[in-house]
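S.K.: Protein sequences, first through last, are from chains A and B.
Each step along the first sequence adds one to the number in full-length UniProt numbering, with nothing skipped, and position 129 is 129.
Each step along the second sequence adds one to the number in full-length UniProt numbering, with nothing skipped, and position 172 is 172.
Copies of the same chain are indistinguishable here, so a pair counts whether it falls within one copy or spans any two.
Distance condition first, Cα-Cα at most 35 Å in a straight line; then the derived DSBU-like pairs of lysine-lysine:
{"id": "1", "residue 1": "Lys-50", "residue 2": "Lys-73"}
{"id": "2", "residue 1": "Lys-200", "residue 2": "Lys-164"}
{"id": "3", "residue 1": "Lys-114", "residue 2": "Lys-164"}
{"id": "4", "residue 1": "Lys-180", "residue 2": "Lys-200"}
{"id": "5", "residue 1": "Lys-43", "residue 2": "Lys-132"}
{"id": "6", "residue 1": "Lys-43", "residue 2": "Lys-114"}
{"id": "7", "residue 1": "Lys-200", "residue 2": "Lys-36"}
{"id": "8", "residue 1": "Lys-43", "residue 2": "Lys-5"}
{"id": "9", "residue 1": "Lys-180", "residue 2": "Lys-148"}
{"id": "10", "residue 1": "Lys-59", "residue 2": "Lys-132"}
{"id": "11", "residue 1": "Lys-180", "residue 2": "Lys-50"}
{"id": "12", "residue 1": "Lys-43", "residue 2": "Lys-164"}
{"id": "13", "residue 1": "Lys-148", "residue 2": "Lys-59"}
{"id": "14", "residue 1": "Lys-73", "residue 2": "Lys-43"}
{"id": "15", "residue 1": "Lys-74", "residue 2": "Lys-200"}
{"id": "16", "residue 1": "Lys-148", "residue 2": "Lys-5"}
{"id": "17", "residue 1": "Lys-36", "residue 2": "Lys-114"}
{"id": "18", "residue 1": "Lys-36", "residue 2": "Lys-192"}
{"id": "19", "residue 1": "Lys-119", "residue 2": "Lys-50"}
{"id": "20", "residue 1": "Lys-148", "residue 2": "Lys-43"}
{"id": "21", "residue 1": "Lys-180", "residue 2": "Lys-59"}
{"id": "22", "residue 1": "Lys-135", "residue 2": "Lys-36"}
{"id": "23", "residue 1": "Lys-183", "residue 2": "Lys-164"}
{"id": "24", "residue 1": "Lys-135", "residue 2": "Lys-5"}
Calculated from the structure, these hints are not laboratory results.
There are 2 protein chains.
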Amino acid sequence: MSTYKLTYFNIHGRAEPIRFLLSYLNINFEDCRIEKEQWASVKPNTPFGKLPMLEVDGKVLHQTLAICRYLGKKAGLAGDNDWESVLIDIAVDNILDFWQEIIIYFYNTNEVTKAELGKRLFEVTTPFYLDKFEKIVSENGGYFVNDKLSWADIFFAAIWDYTKALVDIDIVEGRPNLSKLQKTVLNIPQIKLWTEKRPKNVRFY
Amino acid sequence: MSTYKLTYFNIHGRAEPIRFLLSYLNINFEDCRIEKEQWASVKPNTPFGKLPMLEVDGKVLHQTLAICRYLGKKAGLAGDNDWESVLIDIAVDNILDFWQEIIIYFYNTNEVTKAELGKRLFEVTTPFYLDKFEKIVSENGGYFVNDKLSWADIFFAAIWDYTKALVDIDIVEGRPNLSKLQKTVLNIPQIKLWTEKRPKNVRFY
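Starting from the given sequences, assemble the full structure and let the hints guide the process.
M.R.: Printed below as a string of structure tokens:
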């Protein structure tokens with residue numbers, strides 16, 4: 001049996017979709033969480049100075065989406081053919097594009113530009129992306145792609161509470177199809193189990 | 001036979017890796033190039049207000065990496081198994097991380113922050129990434145992954161002259177393994193043909 005060790009900060013962040021997928025796969029992984037103070041000593045041991053990284057039998061993977069796609073394939077959630085796979089990849093890249101805008105805003109420390117970024121994020125970007133996602137999910141039987149669960153759906157559900165904590169944007173509120181999709185994912189037994197046993201506070205720094 | 005229509009601005013930018021892969025596949029694609037003035041009228045017809053987009057038999061794909069991965073699979077350049085595929089995905093994500101820093105710097109218009117970004121880009125980020133890439137390629141028989149050509153190599157070679165034009169960074173200069181890899185890709189007959197017939201000037205705006 002392979003061993004899995006996930007290393008990330010002690011927050012949801014970019015690792016939570018990976019934790020969701022590992023849980024979905026019933027993989028018993030070492031959930032190695034480092035604190036900010038440890039980062040300087042951990043950083044030189046990462047491939048490109050970034051986290052998360054996932055060690056599979058000691059072999060190091062990194063890059064969040066690459067890892068998620070790899071686990072998605074293992075779980076049979078990465079499409080039944082190349083066309084379905086590209087649609088799933090597109091869905092995830094769109095979610096990430098939206099998420100990047102949130103992260104850029106959150107970590108901006110300049111008073112003037114932060115106010116501008118915030119205005120754009122809350123008034124333009126958020127409704128733009130979430131309305132499109134709501135429409136896509138309504139047209140795809142409650143999922144992002146082709147009427148069935150994929151790792152795009154799990155990715156989306158996994159970033160929900162962290163996004164809420166970071167910038168107080170509820171990515172499913174007032175959008176019935178996204179709300180339903182989120183419930184569908186959170187009610188998958190293995191994922192339900194994970195959300196019950198993971199650290200309770202949604203922290204960030 | 002399927003029809004392919006690629007829509008992008010009249011520059012290399014994010015579309016050039018797609019054009020390289022379509023050429024590698026000997027796919028006769030419509031290379032639809034719009035000028036800045038046309039963007040306002042084209043934008044509402046894109047899935048998420050962005051380019052490039054690739055229409056395959058009229059069905060719209062978007063997101064650069066998703067499209068490249070799809071074409072990479074078609075070309076047999078996306079790995080022979082899931083482990084090889086994830087290594088290729090990681091390589092491309094690393095290249096893109098580096099490229100994003102270049103784009104962020106290039107489009108920054110604030111005098112103060114641009115100077116800071118530039119200092120970091122030229123003195124820290126560029127040698128950091130390119131030294132790592134050089135080492136990876138030296139350890140993988142002249143390629144990014146497992147001693148053989150993948151779409152990561154084609155992606156890397158495709159952004160070379162645009163990056164040089166944008167910020168005057170030659171991503172292969174002084175790094176013999178990256179230089180050799182670039183030559184290997186540019187000497188593939190279909191890609192050589194493409195670079196000879198594409199518009200001559202490396203424009204940007």
